[in-house]
Amino acid sequence: MKKISFKLNGETRFLHVEPNETLLDVLRDRMGVKSPKCGCDNGDCGACTVMLDGKTVRSCLIFAIEVDNHEISTLENISKNGLSPLQKIFLEKNVFQCGYCAPGMILSATELITNNPHPSEHEIKEAIAGNLCRCTGYTPVIEAILELTKKD
Amino acid sequence: MKAYKYIGQSVVKVDGKEKVSGAALYTDDLEFGPDLLYAEVVEGPHAHAIINSIDTSEALKVPEVLAVVTGKDFPFNFGLYMKDRFIFAQDRVRFYGEQIAAVVARTPQAAKKGAQLVKVNYTPLPKILNPLDSIKEGAELLHPELKNYEHVPWFFPKADTNIAHHRKIRKGDADKGFEQADYILEDTYEVPRYSHCAIEFHAAVAKYDHSGRLTVWASSQSPHTQRNLFAQALAPLGIRHNDVRVIAPHVGGGFGSKAGVTMEIIAAAIATKVQGHPVKVMWNREREFYNTYQRLGVVAKLKIGVKKDGKITALKHDLFWDAGAYVEYAANVVNAVGLSAIGPYNVENASIDSYCIYTNLPPGGPYRGFGYSEFLFGLESHMNRIAAHLGIDPIEIRRRNIIKEGDLTAYGAHMNPNGLLQAIDKVAEEIKWNEKLKSNDPDIALGKGFSLFWKAPAMPPNASSSCFLKFNEDASINLLVSGMDLGQGFLTVMAQIAAEILSVPTSKIRTENPDTDRNPYEWQTVASHITWGCGNAVRKAAIDARDQILALVSRTKYLPVDTLYLEDEKVKCTTHSKFELPLKDFIINGIQMEDGTFKGGPVIGRGVFMPEYSSTNANPETSQGGHPNVHYTVGAAAAILEIDIQTGKMKVQKVVEAVDAGKALNPSLVKGQIVGGILQGISTALYEEMKFDHRGKLLNPNFTDYKIPTALDIPGEIVPIIVEVPQPDGPFGARGVGEHTMIPIAPMIANAIDNALGIRIKTMPITAEKVCLEILKKG
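Chains as they are written, first to last, in the working numbering: chain A, 1 to 152; chain B, 1001 to 1779.
Just so you have them, the derived chain B footprint on chain A, three or more residues with Cβ under 8 Å:
| no. | stretch |
| --- | --- |
| 1 | 39–45 |
| 2 | 117–128 |
| 3 | 138–151 |
Some chain B residues judged to face chain A by a derived CB distance under 10 Å, without partners named:
| no. | residue |
| --- | --- |
| 4 | LYS1017 |
| 5 | ALA1023 |
| 6 | HIS1196 |
| 7 | GLY1253 |
| 8 | ASN1666 |
| 9 | SER1668 |
| 10 | ILE1674 |
| 11 | GLY1676 |
| 12 | LEU1712 |
| 13 | PRO1715 |
Everything labelled a hint here was simulated from the structure, so no lab data went into it.
The structure presented is a predicted model; accordingly, all values stated were derived computationally and were not measured.
Using N, Cα and C, we set each Cβ at its ideal position, and we do this for glycine too.
Please build the complete structure, drawing on both the sequences and the hints.
What follows is the structure, encoded as structure tokens:
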């Protein structure tokens, strides 16, 4: 067990972790943060996406011990201030179906439009290509991001 | 037509905010406290073997292991349509990875460690990995007890064979029909197994408390059916239906995989052995692939005879289904296809034999489309080939043969009103069917493909839905139903139905996934029947509540009931324009009379729907005489496909699909089904394939080796089209569309390849490799 501390959704947290505990398991099972989901445990599906120091990562592929002194944020961090414009357009357009991929997908899309406020369709596809969705066919997700980010 | 306020509107989903905010909780997100136990399943490493002995002694010595359970603890059969399945393997294993035992411990690590120490001694048996081998003379019997299994009355197992069910259609005289034909085409099409690939794993937590109450939290499409099957299977332990409670949180995708009962019963059963503790059973991605249901594989032999003008004179369709080790659900896929494998055509002479065949592969079961994708691959490929031979346009030959309202289906019932012709016209127009494609790149070939589709809900004739509708003081509503919102938007549409009838906005109607203690009965959320079936129950409950409201106002305000109506959450009167009574003024506490007394009380609506005209009573030799399917949903699809002739790599440039929704209660949700279904269809057509080795072991049970599309793999353009020819017994004319949207995709693509290159692929998936090899062969 090693004692680590990291900023989680703006709050500094302390805990003891085993070296083989994944960040995903620690977030979900020990810190009660449930928006990152497990869909493969293998880095394929992106449902476990979280932000590490502002960049999206797969929390199933990272050990909790690695985030000592770093900053983690999840979809809860965005939602605590009300829905973001991206979340709002996803809601209004009935974009998601089962919603299981939504937390990861929204973080990937948020990262994209933060760095690139007017992405092309291909850039959007590239940005969310690591987030598997079996329900929507992706088209509604892409169209909503395009609509939100189009130049006036 | 009356203008609707909520019906036909693209209302925002009632659970949308939960899902975009991350608040939505799925089964594995729930907390069960520090007493939660974890179970790890022990799996058999043989596709077919006798279990001689199981030694659990070492596993029980692992610290924090509380119990090890095996088949001996639960010697019960269970199953939805045929009781051929077991909670844990009994005397033998029948597929690679079948559950044999489970170790229950305080931590997942201890449970895993214990599971590795369970020693099982096997005697391997000959295994059968192919349905055609399974029906050979002298084949090893997979279920010698087949003749003793309980099953629904519309199944016909063949004792002392591996055929668990045979659905037979004999309509008209097929032999005579073929004699009359000017041209006959006969060929075989093969479709392999597929995995649903819902992103959420199966998960179940069960607690059997010291009062004898069994509560199960499960990721489920079928909470009431699960309760029923748990209670049936565990009845020997003294458990009754009202002792069992199934709670269904949000579901992270189903596509059929979470219908019926699979791994959930393991949690329910184990809980009875560790009374007082909640116990969790979690599947992982690998088990999602090899130990839930898989889509069945099929070898389909198809023969169609036609006149010179393309009119079908006879059809013979023999389907040999690889149904897997247990067919309690799969046999009904086989049955459904048997009833419908003439496709959406008016065929006077038909002979269909659909065989449900046991193999030593994982259990087949329901998958979006319920067998229709599989048989339409051959049938819709065949139609194009016949058209080409006769020199008739592929769409024209379909127009000449399509089934119309009132025509007889394969089992002799009348076809329902439908917009198939409209769907064909709209798709043909949008894809510019008559315009020739021209490729500007010599390495790229372009082709257009077309396919029709149809599908009926496959349900028992008495599958029913029900609804309680409770008003609250502020005239908001709790709508209690037990269908599952799998993402299709079921709950939203139910709220829209109630809103329309009661004039209460959908924002004031709360409707959530069910708890079987609180919510009334629903059969299952499968078969694309839920909008239609449960929608009817909600409609009836809302009408029941409305009638109570109007009757109360009539008798207390002395106004004729037929002059009263609801508008904007108020009761109004056609003859007194100034009369209006807000619902919130009386909906709970009643209406006060001059003498100070109150009349009325809380308004509670009740609605039940069962299709009372449906029947499976029919001649088993012909299937004539009953009315097994309530109706069909139909449609058409077309695509433009580009093929790199150097590599065989394909890209769908454009897809158009029209589906007859009867009435699109929420067009944005219908379009969501079309767009999502198209990509799932493209994926099965082009990319996905299960690979089993000679042992029957699945070699690619993960997303690295079993590819599903990413955002980079979508078609260039998708045009969803909604056709609306009302379903007479549907709520506001609606019928289901959820499964249908993926059904036409594989034959549509096969037909596009043929159009582009003159190459006919008769086995799925249609990989780039297969296409490239055919191009090379052609020279």
